[in-house]
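K.L.:
So the protein sequences, as listed, match chains A and B.
Whatever position you read off the first sequence (first residue = 1), add 227 for this note's numbering.
Whatever position you read off the second sequence (first residue = 1), add 227 for this note's numbering.
Calculated from the structure, these hints are not laboratory results.
Pairs count within a copy or across copies, as identical chains cannot be separated in the list.
Think about it this way: if two alpha-carbon atoms lie no more than 20 Å apart in a straight line, the pair counts; the simulated SDA-like pairs of lysine to any residue are:
| # | residue 1 | residue 2 |
| --- | --- | --- |
| 1 | K462 | G366 |
| 2 | K434 | E384 |
| 3 | K402 | T415 |
| 4 | K514 | P252 |
| 5 | K561 | L316 |
| 6 | K307 | E536 |
| 7 | K547 | Q527 |
| 8 | K417 | L368 |
| 9 | K315 | K568 |
| 10 | K462 | L396 |
| 11 | K462 | I352 |
| 12 | K307 | K561 |
| 13 | K498 | T541 |
| 14 | K314 | K561 |
| 15 | K314 | K568 |
Protein chains: 2
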Amino acid sequence: MKLTISKNKLNDAIQQVAKAASTRPAIPILGGIKIDVNHQFVTLTASDTDISIQSFITVEQEDIINAQVEKPGSVVLPAKFFVEIVKKLPSEEVSIEVGAQYQTIIRSGSTEIQMVGLDPEEFPILPSIEQDDILQIPGDLIRSMIRQTVLAASTSEQTPILTGVLWRLHESELKFIATDRHRLASRTTKVDVDSNYNFSNIVISAKTLNELSRLIPDQNTLIDIVVADNQVLFKMDNVLFYTRILDGTYPDTSKIIPNVFETELVLDTKKVMDAIDRAYLMSREEKTNIVRLATMEDGQIEISSSSTELGRVTEQLEAKEMKGDPLRIAFNSKYMLDVLKVIDSEQLFFGFTGPMRPIIIRPMDHDFSMYVILPYRTTV
Amino acid sequence: MKLTISKNKLNDAIQQVAKAASTRPAIPILGGIKIDVNHQFVTLTASDTDISIQSFITVEQEDIINAQVEKPGSVVLPAKFFVEIVKKLPSEEVSIEVGAQYQTIIRSGSTEIQMVGLDPEEFPILPSIEQDDILQIPGDLIRSMIRQTVLAASTSEQTPILTGVLWRLHESELKFIATDRHRLASRTTKVDVDSNYNFSNIVISAKTLNELSRLIPDQNTLIDIVVADNQVLFKMDNVLFYTRILDGTYPDTSKIIPNVFETELVLDTKKVMDAIDRAYLMSREEKTNIVRLATMEDGQIEISSSSTELGRVTEQLEAKEMKGDPLRIAFNSKYMLDVLKVIDSEQLFFGFTGPMRPIIIRPMDHDFSMYVILPYRTTV
Numbered sequence: 228m229k230l231t232i233s234k235n236k237l238n239d240a241i242q243q244v245a246k247a248a249s250t251r252p253a254i255p256i257l258g259g260i261k262i263d264v265n266h267q268f269v270t271l272t273a274s275d276t277d278i279s280i281q282s283f284i285t286v287e288q289e290d291i292i293n294a295q296v297e298k299p300g301s302v303v304l305p306a307k308f309f310v311e312i313v314k315k316l317p318s319e320e321v322s323i324e325v326g327a328q329y330q331t332i333i334r335s336g337s338t339e340i341q342m343v344g345l346d347p348e349e350f351p352i353l354p355s356i357e358q359d360d361i362l363q364i365p366g367d368l369i370r371s372m373i374r375q376t377v378l379a380a381s382t383s384e385q386t387p388i389l390t391g392v393l394w395r396l397h398e399s400e401l402k403f404i405a406t407d408r409h410r411l412a413s414r415t416t417k418v419d420v421d422s423n424y425n426f427s428n429i430v431i432s433a434k435t436l437n438e439l440s441r442l443i444p445d446q447n448t449l450i451d452i453v454v455a456d457n458q459v460l461f462k463m464d465n466v467l468f469y470t471r472i473l474d475g476t477y478p479d480t481s482k483i484i485p486n487v488f489e490t491e492l493v494l495d496t497k498k499v500m501d502a503i504d505r506a507y508l509m510s511r512e513e514k515t516n517i518v519r520l521a522t523m524e525d526g527q528i529e530i531s532s533s534s535t536e537l538g539r540v541t542e543q544l545e546a547k548e549m550k551g552d553p554l555r556i557a558f559n560s561k562y563m564l565d566v567l568k569v570i571d572s573e574q575l576f577f578g579f580t581g582p583m584r585p586i587i588i589r590p591m592d593h594d595f596s597m598y599v600i601l602p603y604r605t606t607v
Numbered sequence: 228m229k230l231t232i233s234k235n236k237l238n239d240a241i242q243q244v245a246k247a248a249s250t251r252p253a254i255p256i257l258g259g260i261k262i263d264v265n266h267q268f269v270t271l272t273a274s275d276t277d278i279s280i281q282s283f284i285t286v287e288q289e290d291i292i293n294a295q296v297e298k299p300g301s302v303v304l305p306a307k308f309f310v311e312i313v314k315k316l317p318s319e320e321v322s323i324e325v326g327a328q329y330q331t332i333i334r335s336g337s338t339e340i341q342m343v344g345l346d347p348e349e350f351p352i353l354p355s356i357e358q359d360d361i362l363q364i365p366g367d368l369i370r371s372m373i374r375q376t377v378l379a380a381s382t383s384e385q386t387p388i389l390t391g392v393l394w395r396l397h398e399s400e401l402k403f404i405a406t407d408r409h410r411l412a413s414r415t416t417k418v419d420v421d422s423n424y425n426f427s428n429i430v431i432s433a434k435t436l437n438e439l440s441r442l443i444p445d446q447n448t449l450i451d452i453v454v455a456d457n458q459v460l461f462k463m464d465n466v467l468f469y470t471r472i473l474d475g476t477y478p479d480t481s482k483i484i485p486n487v488f489e490t491e492l493v494l495d496t497k498k499v500m501d502a503i504d505r506a507y508l509m510s511r512e513e514k515t516n517i518v519r520l521a522t523m524e525d526g527q528i529e530i531s532s533s534s535t536e537l538g539r540v541t542e543q544l545e546a547k548e549m550k551g552d553p554l555r556i557a558f559n560s561k562y563m564l565d566v567l568k569v570i571d572s573e574q575l576f577f578g579f580t581g582p583m584r585p586i587i588i589r590p591m592d593h594d595f596s597m598y599v600i601l602p603y604r605t606t607v
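Model the full structure from these sequences, guided by the hints.
P.N.:
Given below as structure tokens:
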């Protein structure tokens with residue numbers, strides 16, 4: 228293998244795939260980036276047990292020559308050092324030459340780097356995925372669906388299935404659900420797909436979805452998504468992103484969600500978020516994050532928290548609408564803030580069915596998002 | 228105590244003093260911020276065992292009214308919560324009222340906070356300092372003198388005196404020296420002061436000097452510095468910063484600095500920094516940071532590092548000037564980069580007296596800075 232390549236193009240591709248290289252690889256090859264060179268493409272691949280990312284650099288793109296390939300071939304280079312050194316090379320042009328035993332020489336300006344390369348035959352093979360049904364979703368939409376659900380996924384490895392986000396496709400509606408048993412986030416969208424194409428129990432790690440989010444280009448292009456038996460493939464412009472589907476059965480969450488309420492509130496998102504944020508500061512000192520919400524006589528609500536050592540925060544807030552029974556309820560303010568930060572609507576609906584029953588939060592301007600937070604059982 | 232005060236003014240003053248409040252106070256009062264209110268000033272003070280910071284808000288400043296004082300008085304409030312909550316208060320105006328047992332009520336908009344205040348009589352008293360001799364130094368200069376020396380101070384508490392920067396005033400020349408026994412940084416400046424006013428063995432914690440740096444206003448105003456027996460006081464516009472002088476005798480460093488060289492180099496700062504930075508990346512993987520420098524026949528130097536597992540980086544660099552014997556030397560590249568990053572000159576002088584003797588680094592355009600790095604004893 229021998230080629231000269233644009234430093235920036237190489238660096239961009241390295242940055243895209245690097246996240247999939249193991250930082251503590253079980254065997255050295257898993258901590259590497261594979262480079263495959265032919266006369267059309269320079270392809271970079273990194274893969275740990277959960278995700279694989281592949282990025283393509285076109286050798287000649289219209290009139291732009293990104294690389295000059297003298298001899299096709301492959302090599303695997305240790306990711307960590309390779310990622311850092313390419314960024315810092317002195318010239319805009321980088322030459323890479325692989326010799327005997329995958330000994331690799333990288334040259335740029337008056338810098339010469341000898342690297343111990345590894346055998347590309349030992350690199351993991353990417354899953355082969357049959358691309359029968361393809362979901363096409365705009366990049367911005369998938370990014371906001373991820374952002375609006377991952378917050379409720381569990382971070383505890385005790386129940387691995389809950390560290391993921393559940394994907395369901397039913398009658399051309401795609402639904403994401405995440406829950407850690409204390410709170411739940413759900414987000415749906417209509418997709419342009421044959422209504423006979425359905426799936427359920429597809430669960431993807433929330434951490435992986437966050438990685439995917441970072442790779443989705445800022446230009447709002449369509450992302451092709453292929454859901455296979457145990458893998459999902461995301462196809463972006465010049466990047467392929469493969470992720471494993473989590474094993475296990477996602478719990479049925481439909482029963483915990485009430486749809487008749489004893490108390491209903493409509494609140495201004497920014498105002499309620501700021502008020503809870505101040506109460507949270509005090510509740511955090513108690514390490515409980517308990518904040519209380521109470522309806523008052525005059526269409527106001529009171530938000531409060533207290534700490535035995537520090538004192539008490541009391542906030543008054545006008546409800547845009549208030550219906551039903553008077554209410555006193557306590558909840559984890561951190562969980563509530565997580566929801567309020569991502570919900571992207573100016574006014575919110577809050578539905579309550581008494582102080583011991585789940586709190587429902589929904590945007591006022593659409594039906595695509597729904598959040599549930601379980602209250603604290605506390606003497607209010 | 229009862230007053231109304233501008234949230235921004237209060238917040239600025241809190242941010243200035245907060246660093247001096249203990250984060251893990253031995254007694255609660257040391258984790259507090261003291262507020263003293265009279266009809267001229269609202270004064271905030273925080274103090275741990277090492278530093279004390281005081282910030283003044285003028286009640287009426289020309290035509291601007293920063294505070295309305297109804298009843299003078301004092302209280303101590305727990306710093307951590309107070310710092311965070313004031314920032315987030317909803318209105319531009321904050322009222323503070325202290326009642327029985329220092330119970331404090333803070334109001335802003337429709338937010339009410341009750342805080343458990345502490346007795347100001349129990350708060351540490353600031354050192355009284357006789358202000359006979361005052362050093363006046365421009366803020367920018369003191370900031371760059373700090374930045375250009377603290378890097379060489381020790382971070383190990385095993386030799387506490389070396390965690391400080393030595394200050395010496397001799398014949399109107401102020402000199403800062405820092406060393407951790409592996410490297411040394413020195414920076415001097417002429418000061419406008421009576422040549423009979425001298426001091427030596429004034430050692431101030433490098434960490435404290437970094438804190439001071441952050442408080443020095445961006446406008447390049449003069450800072451008044453008062454050096455007393457065991458305290459140094461820095462007087463800025465509306466802030467007083469007191470620091471303890473470290474106990475102990477600073478070692479005599481003058482003997483380790485050679486002034487006759489066997490090999491002399493002049494190098495372009497940016498080029499040598501970039502080359503060493505790339506070599507550092509590989510040396511770091513070996514956990515040694517060893518980088519080698521060798522003079523070559525043709526007026527070039529070679530900078531290199533190697534790792535048994537990864538490979539080798541080799542850099543060639545043209546010397547602007549080269550005099551004396553051929554040289555091969557090895558050093559800690561991290562220490563060298565620390566120097567190259569702060570030295571602020573386009574070309575640098577490097578003086579060598581053989582592979583086992585200290586390396587001297589000086590800017591080419593002035594004599595105010597000097598750095599020493601001890602080489603590694605290694606088979607080059």
